[in-house]
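Peer 1: The chain contents come next:
There are 2 protein chains.
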Amino acid sequence: MPSQSTATKQFMSRAMSVFAANQVKTEGDDLANWGTDWTKSFKVDPLAIVFPESIDQIVDLVKRAPEWGVALVPSGGRTGLSGGAVAPNQEIVVSLDRMNKILAFHETDKIVHCQAGLVTQRLQEFASDHGLFYPVDFSSSGSSQIGGNIATNAGGIRVIRYGMTRRWVAGLTAVTGTGEVLRLNHGLIKNATGYDLRHLFVGSEGTLGIVVEAEMRLSSQPEEQQVMVLAIPELNRILEVLRAFQNAIELSAFEFFSELALQKVLAHRDISRPFSRSSPFYALLEYDASQFENANETFEAVLEAGNVVDGVVSQSLSQATTLWELREGISESIASYTPYKNDISVRIGEVPGFLEDVDSVVAQHYPDLEVVWFGHIGDGNLHLNILKPAEISIDDFYQRCHEISPKLFSLIQNREGSISAEHGVGLLKRDFLNYSRTNEEIRLMRELKRVFDPHCILNPNKLLTA
Amino acid sequence: MPSQSTATKQFMSRAMSVFAANQVKTEGDDLANWGTDWTKSFKVDPLAIVFPESIDQIVDLVKRAPEWGVALVPSGGRTGLSGGAVAPNQEIVVSLDRMNKILAFHETDKIVHCQAGLVTQRLQEFASDHGLFYPVDFSSSGSSQIGGNIATNAGGIRVIRYGMTRRWVAGLTAVTGTGEVLRLNHGLIKNATGYDLRHLFVGSEGTLGIVVEAEMRLSSQPEEQQVMVLAIPELNRILEVLRAFQNAIELSAFEFFSELALQKVLAHRDISRPFSRSSPFYALLEYDASQFENANETFEAVLEAGNVVDGVVSQSLSQATTLWELREGISESIASYTPYKNDISVRIGEVPGFLEDVDSVVAQHYPDLEVVWFGHIGDGNLHLNILKPAEISIDDFYQRCHEISPKLFSLIQNREGSISAEHGVGLLKRDFLNYSRTNEEIRLMRELKRVFDPHCILNPNKLLTA
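Protein chains in written order, with our numbering: chain A, 39 to 504; chain B, 39 to 504.
Simulated from the structure, these hints should not be mistaken for lab results. Errors might be hidden in some of the hints.
As the list claims (entries may be wrong) - As a list, the in silico SDA-like pairs of lysine to any residue whose alpha-carbon atoms are at most 25 Å apart:
#1 B/Lys139 <-> B/Phe80
#2 A/Lys445 <-> A/Leu298
#3 A/Lys101 <-> B/Val62
#4 A/Lys101 <-> B/Lys139
#5 B/Lys101 <-> A/Asn452
#6 B/Lys139 <-> A/Arg453
In isolation and in its complexed conformation, chain A is listed as follows (with noise of 0.2 Å):
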């Protein structure tokens, strides 16, 4: 073991009198494993990782910080794409995985009741071992925990059907900066007893209080789902296309990917193009297979009138995971290309507009850079992922990108859109959130975040700054 600071020796000596020896980490790889999340961009450098295994144990940490003078940053399976579960300045991670058991299912009411260090896949198998169906999904389901899900509102592919994590948290645990267990709504579907304080967790980013439990409720099992995949000739026809199908079927996923990111799907994976000719843009639906026959005759009509000029259609569940990996293996073939990513949101309705503002602005100030578009355009949530050229280097590409990323926001903020669809402010959004949210309405944050942690130990300096 190597020799520890004096900080760290001071901060073990303390630890003692909450924690046993192996509940407290302070070797230099798990601080760099615990400290830090998907992003790799920002320093870290926490003090200690501990383990809590009950609420007792976090209530007495979260009391004593404030004399021990240290900051708390609440940390679930770190799979978080804006830092907000890095410890960049010496705080104690707060690591909820080994409070990860399922306490109670109540049946009738379709509740579990489990802690916040479940993974969202464990929910996923429990909900499907009892003939229901967690719908919230996104690639990081082996690993994300529920209460890092709750305090980032986490959404994905399917929330055009089942909405954001939000819809599905019937009830949840907190402590507090003060150290006060606040136990809320108690998976009442209905209770109108003043102001509902679990939905000012939800998506709170661990500054308002560490999420411990929580009462997540399951929906009933979806049928077997078809998955059909168009090829699209103009952006501005997408949204024809996206009403069509709404009118006529419930679609679960609408997504939609560009030329650009299918050929990087193509010449990573060994998966056949879908069309025998290309196609500016892609849209992927996914909906009850029983309703086929409607979606056929829509897929007629939107062929008709011009708004595609070819479909697929799966089979088999086979053939459905293969079409859903011209989509979700977009993500994965560009990694390489070190890209800017950027998850923003606009009104539905204003989506091909600004795609077409964004492409204008790129064209015209970097022309040498290549744009992959894709993303939930039925929930107008648009991933932009900004390629680097390999013949320049990363810090001038950051540089770049550091240059472009107020345009953008402009143009999101001119739409009144979202800077941050659903990965959350952090660190990586915190200085621009002033392109969606009022000075105003930040100075409100501030002052709720003041009334939930006076002291400032929970999580400083991600979302607002300290």
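Using the hints, position chain B against chain A.
Peer 2: Just chain B, lined up with the frame of chain A:
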């Protein structure tokens, strides 16, 4: 015109700096009309009623209110049942009646941008005219306003399928107690840029800000609905029935009422008993008519299992309406008994045990009182109505009911339920809030109130004591 008090004259002269003469009312009938809601047991004594026609006028009024020493009561359709819109203490009632326009329709987003004074039924009709559906519906839809629905997070009869008002609020504009105009969320589906203040205003009963505009999301039109009424032999079988049907079909409603409730409706209206024999309890189900085969199969199964003893199904829209009357006629049919009404909720699984708790307390302490139960059992929301016996005076009856309240609320507290499921707290439940919220939650609510309304001019003494 009767002579005006000094306070009235002073307010009138001041108000002319903000409003035109025809925007202010101070006469007795008007004060009585706009100064109250559907509750009739609270003192009503407003100083004046104002009818703003713009956000600017509301901002002006709010900014001057502290200096003028007046408090403001935001007022919608005044159909509330908790006294939330009552002005008992020389307040200025701020009626949204003249801010009732639809400002924009974002077709692709299915969003209606409207002023807060829009009557619920007008939004429903607008949706229908555009081939869409606004799913929040209840008996006061013809006069309740969208702003009021948001302020109370209105629920109603189809919550089991469509959720509360909260789910349909894609954005809202509110004027805070300092006269700041917050335009929140702008109709976005995904927006992870910090605390979602929108959700704080939903259900805040006009105590944090005056909701002046909203972006309401619409749904697709549902198919034709079928209605089934079931006779249920024992209380504890109701949830078996709910579960069986939920596993087979998607329910739009699952309502419940007792034999006594049915008797009151049959005595009050010209409808015949749906079954030849009486049964202690009944359930009313609504679902997509296309699901009738699954529904019939499920009916056979629950009949076979002894969980229901009889059933009837609508074969036409008019039959469906008649069956709904059995449930919707209850409130009116018991009105002459001046019932002591309580709108409460528990988790669905707790419903049978809770009903037995209450019946046993009433039987033990008040054997001469009749209890009429009905409600939205699929949401855990029960309407408890204790009828006044003819031979007891109204004062004596209220006296006895006041004794019952703490006993009832304790039973709710034991089961982690809500003392107000959908009617709100207002004046009616304010002093009982601690049965559903902890002292720390109430303390935090007070702090939040102070952040948004530091001068305490917005609906003071509602929800929280000033």
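Peer 1: Please go over all the hints and tell whether each is borne out by the structure.
Peer 2: Consistency of the hints with the structure:
Between B/Lys139 and B/Phe80 the alpha-carbon distance is near 31 Å, which puts this suggested pair outside the 25 Å criterion. With a C-alpha separation of about 23 Å, the suggested pair A/Lys445 and A/Leu298 falls inside the 25 Å cut-off, and the hint holds. With a C-alpha separation of about 53 Å, the suggested pair A/Lys101 and B/Val62 falls outside the 25 Å cut-off, and the hint is violated. A threshold of 25 Å between alpha carbons decides the hint, and for A/Lys101 with B/Lys139 the separation of about 51 Å lies outside it, so the pair is violated.
For the hint pairing B/Lys101 with A/Asn452, the CA-to-CA distance comes to about 29 Å; that exceeds 25 Å, so the pair is violated. Annotation: proposed proximity of B/Lys139 to A/Arg453 holds, straight-line Cα distance about 23 Å (limit 25 Å).
In summary, the structure is inconsistent with hints 1, 3, 4 and 5 from the numbered list given earlier, while agreeing with the others.
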